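Work the whole structure out from these sequences, hints included.
In this text, residue positions in the sequence shown follow my numbering: the first is 774, and each later residue adds one.
Incorrect hints may have been included.
[Unchecked claim] List time: in silico BS3-like cross-link candidates among lysine-lysine, alpha-carbon distance up to 30 Å:
#1 Lys825 to Lys837
#2 Lys843 to Lys824
#3 Lys928 to Lys837
#4 Lys928 to Lys825
If you are wondering where the hints come from, they were derived from the structure by calculation, not from laboratory data.
Since this is a predicted model, take the numbers as computed values, not measurements.
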Amino acid sequence: MAASSAGSDGPPSVPQFNITGRLGAGTYATVYQAIRQGGSREVVAIKCVSKKSLTNTSKENLLKEIELLKTLNHPHIVRLIDFVWDANHIHLILEYCSGRDLLRFIKLRRCLSESLVRRFLQQLALALRYLHSRNVVHMDLKPQNILLTGGDSPKLKIADFGFAHHLKSDSHADQVRGSLLYMAPEIVVDRRYSPKCDLWSVGIILYECLFGRAPFASETHEDLLRKIASPDPVSVPAVQCLAGREVPLTAACQDLLTRLLQRDPRHRATTRPSSGTRSLTWITRHRPSAWRRARVWRCGRSRRTPAGNSRRHFGCTGWR
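Structure representation (structure tokens):
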């Protein structure tokens, strides 16, 4: 479907939608909030990509993102509703998440409680289990690419699949993809990636949620590279600061974070079924009742997820 282009000074004109505000901008795209014209008045996010700003690589990434999003259907992955284009732009019509992104959520609160982080991690685990079962590696998981719905109990949704890859086994990358702060050591050092790369990124995100900063935050690019490539184990603090008070982390939470941040991917937590460790107890505690009804976390059983795909789920937990 073709769209009509507006002048460069104002928001684009997209058929069947009224642009109501700007949500953010990146290197080659601007994201707007919009309302569908007519009876439904559906609120959406429209990612407007300038054709002039696209390099051959970014064009390839965009086409891959569209093709991949068309195949994905999961409650914790942002849904592609449609895409349209005109002479100057390509517009992705996406599910709107009124809670904005996880980075903003963290900055407003500085640190998140274990109970809230556990709930977010349960949702992220479900989405990654779905992606990895389809041989899809996101490759750019970070708080900016995790969106939240609104309300008192926001739900998490993974977005921005521009760097995502299909793979059948451990693969070699021709170029480094993703954001360095959240990038797994094996990508930085050996340019090799697998689903384990996403699990490292989850560990960095979990650390940032709990402590308000990423573990390798650095002043310079060189210092960041050195910290990621270092063979030293990642140190996990025993306490977090919540509302000015020092709160001890549970042993199970520390255990999970330590296993997600294993530099050797062979020793890193996975999304394969398992049971019996302390951290697995941590992630499943107080899981949502809707998931209990769907039996998503039952050990060793094959069940149907809310997304409609039958497969073997995380043992009792989601992580091994």
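Against the structure, the hints come out as follows:
1. Lys825 to Lys837: holds, 18 Å
2. Lys843 to Lys824: Distance ~21 Å between lysine 843 and lysine 824 Cα, so the pair holds.
3. Lys928 to Lys837: holds, 26 Å
4. Lys928 to Lys825: violated, 35 Å
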